[in-house]
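**Student:** Below, each chain spelled out in residue letters.
2 protein chains.
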Amino acid sequence: MTTIEQAFRELTQSYMSQVLTSMDQAVEAAGLGESSLKAMLGYHLETGGKRLRAILPLAVAQSLGVAPEALVGFGAACELIHNATLVHDDLQDGDEVRRGKPTIWKKFGAPQAINLGDAMLYLAPICLEQTRASVDGRQRVLARIFRDVLKVIDGQEREFALQEGSVHDIDPQAYRQMVRGKTSGLFALPMAGAAELCDAPAEVVQALEVAAGHLGVLFQIQDDILDLYGEKGRATFGSDLREGKISALVVAFWQLADAENRRRLMALLQADRQATPDDEVRWAIEAFREQGALAECLADIDRLRGQALASEAFSAYPDLRRLIEGMAQIFLEPIRDIMEVQA
Amino acid sequence: MTTIEQAFRELTQSYMSQVLTSMDQAVEAAGLGESSLKAMLGYHLETGGKRLRAILPLAVAQSLGVAPEALVGFGAACELIHNATLVHDDLQDGDEVRRGKPTIWKKFGAPQAINLGDAMLYLAPICLEQTRASVDGRQRVLARIFRDVLKVIDGQEREFALQEGSVHDIDPQAYRQMVRGKTSGLFALPMAGAAELCDAPAEVVQALEVAAGHLGVLFQIQDDILDLYGEKGRATFGSDLREGKISALVVAFWQLADAENRRRLMALLQADRQATPDDEVRWAIEAFREQGALAECLADIDRLRGQALASEAFSAYPDLRRLIEGMAQIFLEPIRDIMEVQA
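Protein sequence lines, in the order shown, are assigned to chains L and F. Numbering-wise (this note's numbering), the first sequence opens with residue 1 and increments by one. Numbering-wise (this note's numbering), the second sequence opens with residue 1 and increments by one.
There may be inaccurate statements among the hints.
No distinction is drawn between identical chains; accordingly, a pair holds when it is met within one copy or between any pair of copies.
Said to hold, decoys possible - DSS-like mimics (lysine-lysine), calculated; alpha carbons at most 25 angstroms apart, straight line:
| # | residue 1 | residue 2 |
| --- | --- | --- |
| 1 | Lys38 | Lys107 |
| 2 | Lys38 | Lys245 |
| 3 | Lys107 | Lys50 |
| 4 | Lys106 | Lys38 |
| 5 | Lys106 | Lys245 |
Hints listed in this document are in silico derivations from the structure and should not be mistaken for laboratory results.
In isolation and in its complexed conformation, chain L is listed as follows (with noise of 0.2 angstroms):
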């Protein structure tokens, strides 16, 4: 184990259930004490789940010199927006099982998942209200919510729209875009917000923002991987290339690949998710690795954790950058074996 994860497994002690009572006060303060919203809430956030987002900020407390309790109620607001983020998109993509437990939807409908989820997004800012910080840090970390949320939908509204059977070309570009939306945005704001709430200076909230931007990507390439070369748990194998999804992977191949195999590959994108053939998705697997795609993440990932340790703002902060160290650590630990192999 890690540093950084015992680190992360000691706050998780001390101040998970700190950061769950936050959540059940701001349900008192909104008068959803009695709802049916409180109930399906228990239930989603009993599915477990690293918490990484509530102990993200505590973190970064931590490496500041800053007692982690004051952030606790931010943690929680990370926490209810991250799960927010996981109700709406399980319905979304029709997953139907989330750590072992019917999904949302699955369990109380459609309807009902749309709305814990709105819910939840306007749960957040009420237990930010809890959290110890300046009444500016405040309003700043409760304007940054808005914007790093919004670009996370964004991200998600980009990746349907390059999951459309339109797509004619796959571009590096987009996916990037896509990704940095989709995923950074729910790094950075646990950890440029919890600088901010720390007043810590601005070039190390900025500074932590890119490093977060970096490994948001870091940890979707590796997921991406792993979705195809790991034992993730998932019914079914290589559910993202069932799904259509462009993946790191898929936008590597891409560039690599002549005419044939991008006709091939686009055409197991665009089937049906329950018609997908398995041995098309076999294929795609090994051509992935046959063909230089695996390798090329690889390097990405490399190159992504370099730069998110980059910045000069971390040389006066050495716990900040043993952090992100240990975060790129802890995100690849699940692939360590694919890129062992590989190197």
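Place chain F on chain L using the hints.
**Tutor:** Just chain F, lined up with the frame of chain L:
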């Protein structure tokens, strides 16, 4: 045309373009200028509508002697929130047409309707930033936005719960609570929120909130009546009954009906939307009138109108009182014929 109708029309002519500009500025500030979210927002807003949520805050400001222009950003925020609920509602209810145009989910797909509604919820607070008001007032109104909209979402949740096949008894209290959440919050926000931004005395803010609560229920009962006894321009008559909605008329009839009629009504509500027999819908429409449910609803409307105007806080603000009177009149205009026939 009433004086208030005339005032609304003038406010619309003078400020509506500024309200729309405020939304555009929020879209740009969030970096969504190039996003398809912007295009979808434009498409949805072009469906028109009364823009009541945008104009109400300006009317309240005017009644309090404050320049309406100061509250343009708040009008934009209220209009965005209202339309976010419409975009998500249409998807939840499966409604394919809004004001003669395909709804967002019908035109762009369900995932994009979820994305657009989510985006509008977070664009609204950015518009509020553009309001000319004290920092303190803006902060309080921002907190009000989250709490009022959470009540609306809770009301939505209750509506779906009431609609479930598991309902064995129809409870007037549950109906009232559902409507208070679903409809009243989106009147309380623009009215009480506007008073707060204008630094009106606390008892005036409170009185507006109470009045908006009554007006919201009045509006909903009117809407329920219109669906059965008016020509609402909906594709089929009695669509609430076909959708299995618990309307004010259903609640009133339930109180008056014998066991056989209750059974018959319940069978109608629980029938599949597409398979609801026209004859049974016609039966209910007649039975509601003959057995006094319609009269009971109209009497309720009279009571609610009186309650909306009852606060002593309005005695020092005759213009506010006139505004509320005028709103009730505007809301009841579509069912004026029905009211006259029954009276």
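**Student:** Each of the hints needs a verdict: does it hold here or not?
**Tutor:** Right, here's what the structure says about each hint:
1. Lys38 to Lys107: within (15 angstroms within a copy, 33 angstroms between copies)
2. Lys38 to Lys245: Answer is between: at 23 angstroms across copies they meet the 25 angstroms cutoff, but 33 angstroms inside does not.
3. Lys107 to Lys50: within (22 angstroms within a copy, 37 angstroms between copies)
4. Lys106 to Lys38: within (17 angstroms within a copy, 30 angstroms between copies)
5. Lys106 to Lys245: Both, since 22 angstroms and 22 angstroms are each at most 25 angstroms.
The structure fails none of the hints (numbered hints given earlier).
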